[in-house]
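Q: Chains as they are written, first to last, in UniProt numbering: chain A, 1 to 135; chain B, 1 to 254; chain C, 1 to 601.
No wet-lab data here; the hints were simulated from the structure.
Some hints here could point you the wrong way.
Said to hold, decoys possible - Okay, derived cross-link-like pairs now, EDC-like style, lysine to aspartate or glutamate, Cα gap no bigger than 16 angstroms in a straight line:
1. C:Lys426 / C:Glu164
2. A:Lys104 / B:Glu150
3. C:Lys494 / B:Asp23
4. A:Lys104 / B:Asp23
5. C:Lys146 / B:Glu120
Unchecked claim - Residues of chain B placed beyond 10 angstroms of chain C at every Cβ, according to the derived structure:
6. Glu12
7. Thr36
8. Arg63
9. Ile66
10. Asp75
11. Arg146
12. Ser154
13. Arg191
14. Gly193
15. Ala204
16. Ala239
C-beta: ideal position from N, C-alpha, C; glycine also.
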Amino acid sequence: MNTPNPRRPYVRPMAGWWRRNPFFVEYMVHEGTALFVAAYAIVLLVGLLRLAQGEAAWNGWLDALKSPLSVAFHLILLAAIAYHCWTWFRIMPKTMPPIVVRGKRLPPGAITGCGLAVAAVASLVLLGLVWGMTR
Amino acid sequence: MADVAETRKFIEIEVLRYRPEQDSEPFLQIFEVPFTDDMSVLQGLQYIKDYLDGSLSFRWSCRMAICGSCGMMIDGKPRLSCKTFLRDFHPGRVRVEALAHFPIERDLVIVMDDFIDKLESIKPYIIAKEPRTLEQGEYLQTPAERDVYEQFSSCINCLLCYAACPQYGLNPEFVGPGIMALLHRYNVDSRDGGAAQRMDVVNAEEGVFNCTAVGYCSEVCPKHVDPANAVNQNKTLSAKDYFLRFVTPKGGAR
Amino acid sequence: MEAYKVDVAIVGAGGAGLRAAIAVAEADPSLKIALISKVYPMRSHTVAAEGGSAGVVQAHDSLEHHFHDTVSGGDWLCEQDVVDDFVARCTGEMVQLEHWGCPWSRKEDGHINVRAFGGMKIERTWFAADKTGFHMLHTLFQTSIKYPSIRRFDEHFCVDLVVEDGRAQGVVAVQIASRQFTLIQANAVIIATGGAGRVFRENTNGGIVTGDGMAIAYRHGVPLRDMEFVQYHPTCMPGTGLLFTEACRGEGGFLLNKDGYRYLQDYGLGPAEPSPRNKAMELGPRDRLSQAFWYEQQKGRTIDGPHGAVVHLDLRHLGEAKLRERLPQIYELAEEFLGVDPARAPIPVRPAVHYTMGGILVDGRCAAPLPGLYAAGECSSVGIHGANRLGSNSLAELCVFGKVAGDAAAGFAKSVAPGNSAALLKQAAAVEQRALAILTNTSGTERIATLRKEMAESMENGCGIYRQGDTMQATCDKLGELRQRFRNVNVEDKSRVWNTDWLLAIELGYQLDVAEAMAHSALNRRESRGAHQRLDGFGERDDIQYLKHTQAHYAGDGPPRIDYGDVKITRSAPATRAYGAAGEKAEQERQAGREGKVPHG
Chain A
1 MNTPNPRRPY
11 VRPMAGWWRR
21 NPFFVEYMVH
31 EGTALFVAAY
41 AIVLLVGLLR
51 LAQGEAAWNG
61 WLDALKSPLS
71 VAFHLILLAA
81 IAYHCWTWFR
91 IMPKTMPPIV
101 VRGKRLPPGA
111 ITGCGLAVAA
121 VASLVLLGLV
131 WGMTR
Chain B
1 MADVAETRKF
11 IEIEVLRYRP
21 EQDSEPFLQI
31 FEVPFTDDMS
41 VLQGLQYIKD
51 YLDGSLSFRW
61 SCRMAICGSC
71 GMMIDGKPRL
81 SCKTFLRDFH
91 PGRVRVEALA
101 HFPIERDLVI
111 VMDDFIDKLE
121 SIKPYIIAKE
131 PRTLEQGEYL
141 QTPAERDVYE
151 QFSSCINCLL
161 CYAACPQYGL
171 NPEFVGPGIM
181 ALLHRYNVDS
191 RDGGAAQRMD
201 VVNAEEGVFN
211 CTAVGYCSEV
221 CPKHVDPANA
231 VNQNKTLSAK
241 DYFLRFVTPK
251 GGAR
Chain C
1 MEAYKVDVAI
11 VGAGGAGLRA
21 AIAVAEADPS
31 LKIALISKVY
41 PMRSHTVAAE
51 GGSAGVVQAH
61 DSLEHHFHDT
71 VSGGDWLCEQ
81 DVVDDFVARC
91 TGEMVQLEHW
101 GCPWSRKEDG
111 HINVRAFGGM
121 KIERTWFAAD
131 KTGFHMLHTL
141 FQTSIKYPSI
151 RRFDEHFCVD
161 LVVEDGRAQG
171 VVAVQIASRQ
181 FTLIQANAVI
191 IATGGAGRVF
201 RENTNGGIVT
211 GDGMAIAYRH
221 GVPLRDMEFV
231 QYHPTCMPGT
241 GLLFTEACRG
251 EGGFLLNKDG
261 YRYLQDYGLG
271 PAEPSPRNKA
281 MELGPRDRLS
291 QAFWYEQQKG
301 RTIDGPHGAV
311 VHLDLRHLGE
321 AKLRERLPQI
331 YELAEEFLGV
341 DPARAPIPVR
351 PAVHYTMGGI
361 LVDGRCAAPL
371 PGLYAAGECS
381 SVGIHGANRL
391 GSNSLAELCV
401 FGKVAGDAAA
411 GFAKSVAPGN
421 SAALLKQAAA
431 VEQRALAILT
441 NTSGTERIAT
451 LRKEMAESME
461 NGCGIYRQGD
471 TMQATCDKLG
481 ELRQRFRNVN
491 VEDKSRVWNT
501 DWLLAIELGY
511 QLDVAEAMAH
521 SALNRRESRG
531 AHQRLDGFGE
541 RDDIQYLKHT
551 QAHYAGDGPP
561 RIDYGDVKIT
571 RSAPATRAYG
581 AAGEKAEQER
591 QAGREGKVPH
601 G
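I would like the entire structure built from these sequences, with the hints used as guidance.
A: What follows is the structure, given as structure tokens:
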């Protein structure tokens with residue numbers, strides 16, 4: 001008795017997948033904040049370009065940075081990059097081989113904490129250096 | 001399940017139904033189920049099958065989160081229905097759907113041939129580094145050496161990680177988290193010498209670099225396997241393998 | 001109908017089926033193997049075994065000790081020659097699994113570690129934390145992928161055996177996803193379908209443990225042996241029956257009654273020492289521990305819970321670190337399912353049905369009386385468990401007798417010519433019609449779940465830890481009634497794709513037959529031995545009349561016909577089964593008087 005195969009598997013569409021789960025939304029925000037990192041890189045690159053064009057151009061760029069709009073934009077950049085940094089270090093333990101300290105595996109929280117601490121210290125050192133140079 | 005007839009509490013279970021012989025696409029159906037606080041979502045589904053609608057189909061067996069059969073989307077999250085409890089949704093409604101990213105065979109049953117095919121492709125067995133006869137006894141392996149792969153050997157093949165991986169949903173060719181965990185399990189076993197033979201799977205276009213480090217696979221894993229870790233460790237190994245290929249014919253694998 | 005020809009067909013892809021498949025593939029790579037399972041292999045119930053698998057490794061241990069523990073643990077209803085063969089093969093099989101990658105727990109020096117288990121004189125239980133069965137099953141499944149001659153039929157449900165010219169010549173299986181039937185023609189058939197614990201209400205078993213293979217062989221005239229011996233595991237989760245492994249006690253856990261008292265010392269298992277001595281107290285055998293629970297309940301010394309009386313499994317003194325290392329799954333089960341942190345509070349437990357000691361009658365080569373038919377694992381009765389199985393002997397059995405069955409079936413398959421395919425196909429078509437008949441019966445009124453529930457309750461009433469003639473008779477009568485009502489079963493779902501309603505009905509048919517074999521075997525055994533304990537004047541072991549294997553023969557619509565077979569005694573004459581201090585004394589006497597003296601019985 002050879003009857004045709006009745007199987008008819010249903011494949012669900014993926015459209016809008018990232019809205020289905022808060023975790024995915026967060027992931028998209030994390031990935032999205034990478035654009036802010038890129039934006040800041042462009043700001044710096046423009047500065048470099050202006051520097052090459054001479055003193056007047058450079059000073060114009062510096063003045064533009066001081067505008068309220070630019071300050072607000074930089075605050076947004078800072079927030080987005082801080083968020084990117086935090087979520088980046090949060091995923092870091094999942095990307096590394098286990099780190100064994102005195103016979104025990106380092107817990108993920110410690111790895112994330114170390115990463116954030118190093119980032120914070122590096123930022124502070126940089127801030128201090130720039131601060132000292134501009135005095 | 002305590003005698004559910006005596007219970008006064010009811011919960012609505014909303015189930016995604018799909019009967020390929022009569023439905024053109026899946027639809028949601030609501031069942032009202034009496035429950036006690038110790039009842040799992042699986043027991044709720046069993047109640048439906050036993051007393052409300054015998055045609056509801058789902059996979060289950062051990063009831064204790066080790067056989068890996070009963071993975072489902074419960075309120076949108078991939079979970080084992082045997083260790084998800086109805087009390088956590090009461091007095092609201094709980095929605096139960098087939099695992100995401102897999103074709104639905106029927107109701108809550110998915111087609112998992114893809115996973116099995118991939119499992120068969122990674123040589124998931126010891127390829128002995130130094131063959132040994134039974135008379136020579138066991139290989140020596142210290143607890144520390146065992147600890148390196150033990151976590152990855154704990155995969156129960158429940159597929160929750162695949163339902164958590166949007167990259168797999170978007171591109172089913174992607175080898176995916178669970179399989180990479182199992183591949184890694186053998187590669188880092190001190191008894192195994194087959195890593196080079198498994199590197200093709202890792203390096204392939206559908207290999208580890210399909211992963212964009214969403215990381216949700218490890219969040220939903222009921223057995224703390226951390227498949228994301230296996231995938232990402234292999235990104236490093238794959239890159240090393242790629243560059244070392246210019247230096248040695250065997251590449252970076254041991 | 002599709003037809004597929006192989007040399008060996010194996011039904012069931014748990015530990016025994018997979019081990020058998022690998023054995024056939026290694027015996028002769030040219031032999032074609034069909035491995036048929038109603039679930040994907042890694043879902044098989046071997047996965048749920050927790051504590052470990054026996055194999056003598058320590059210098060102060062010996063095969064002789066393992067032999068005696070097994071035979072006395074089985075209350076002398078064991079085939080002693082088979083037990084000898086078994087204990088001799090265990091360690092090799094465990095090493096084989098190690099070579100295949102099983103993540104056995106290790107000692108600091110890299111050698112495998114062993115733990116204590118109930119009824120075992122010396123520690124010989126190999127373990128992989130408390131997920132031993134899981135790791136063994138996945139190791140075997142993944143290793144089986146290495147062998148191209150093994151063709152798997154995953155999620156194929158076996159509906160019947162095909163017997164032609166007086167020998168087993170294949171099986172008929174249906175693909176669950178499509179309801180397409182396939183005749184798998186084979187020169188030899190191995191049944192490895194596991195136990196039948198789901199015929200009881202409160203049990204540790206997975207939903208798939210429905211005695212399919214036992215019923216199939218039984219219906220073809222193969223006797224089911226010693227079916228009255230059903231093991232209650234003493235430490236299970238109230239309500240669901242989920243298992244808390246014996247390794248909890250092997251690692252040093254206590255059993256306490258409502259007064260916090262280690263009550264086992266009142267049942268000939270003492271003395272109570274801070275860490276249980278092997279074969280004493282909490283490390284006594286399962287039948288004795290479950291029976292002690294029953295008495296405590298009678299005395300009103302248990303604790304009332306929402307799912308009946310419980311006692312406490314106390315692991316607090318072991319400390320969180322050790323529990324997380326040695327018993328991680330138990331820790332999670334207690335936390336997630338019961339909301340109990342076992343490092344801080346005792347776990348409520350009660351006995352639940354765990355294991356069927358009996359099964360398809362086979363000899364020491366796993367061959368059934370029907371030529372071409374073999375059986376291995378829990379579905380079989382090869383004769384090593386007797387009236388009570390010792391913990392960690394069943395996982396070892398899967399490997400040892402999986403291999404024995406594979407080797408024997410491979411040899412047999414090569415010795416016979418394939419049968420007449422046309423005749424087999426004709427039979428298979430009839431099998432298909434019978435299987436579908438239950439579906440096309442439109443006048444059915446009986447609910448599957450109702451019949452199943454009545455069966456399970458009746459089995460618990462009549463065939464529990466302690467039994468009486470009248471309640472067993474009531475259970476036998478009830479099962480007869482249920483078998484009649486089953487003819488009128490209503491399968492709601494008529495569809496073809498993944499119709500589990502239909503499969504549940506077929507499984508229920510299998511279960512009713514197996515349950516009936518159990519109940520009638522129990523009713524007819526007028527003595528108490530191992531897991532079969534009676535309260536109605538047959539409270540003692542009776543070696544004169546009942547040092548015999550019960551054999552239940554299928555008799556169509558009527559109750560089974562019961563007869564008895566001999567027990568093979570080679571060198572251990574039946575003696576008093578004693579544990580604790582009394583056991584040690586008896587052991588000393590046995591050793592002192594070894595020259596030709598028959599111990600007291």
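Q: The structure should be examined with respect to each hint, and the outcome stated for every one.
A: Now for the hints, and whether the structure bears them out:
no.	hint	result
1	C:Lys426 / C:Glu164	11 angstroms, holds
2	A:Lys104 / B:Glu150	15 angstroms, holds
3	C:Lys494 / B:Asp23	15 angstroms, holds
4	A:Lys104 / B:Asp23	54 angstroms, violated
5	C:Lys146 / B:Glu120	9 angstroms, holds
6	Glu12	21 angstroms, holds
7	Thr36	8 angstroms, violated
8	Arg63	6 angstroms, violated
9	Ile66	5 angstroms, violated
10	Asp75	17 angstroms, holds
11	Arg146	6 angstroms, violated
12	Ser154	7 angstroms, violated
13	Arg191	7 angstroms, violated
14	Gly193	12 angstroms, holds
15	Ala204	19 angstroms, holds
16	Ala239	27 angstroms, holds
The structure fails to meet hints 4, 7, 8, 9, 11, 12, 13 from the earlier list, while all remaining hints are met.
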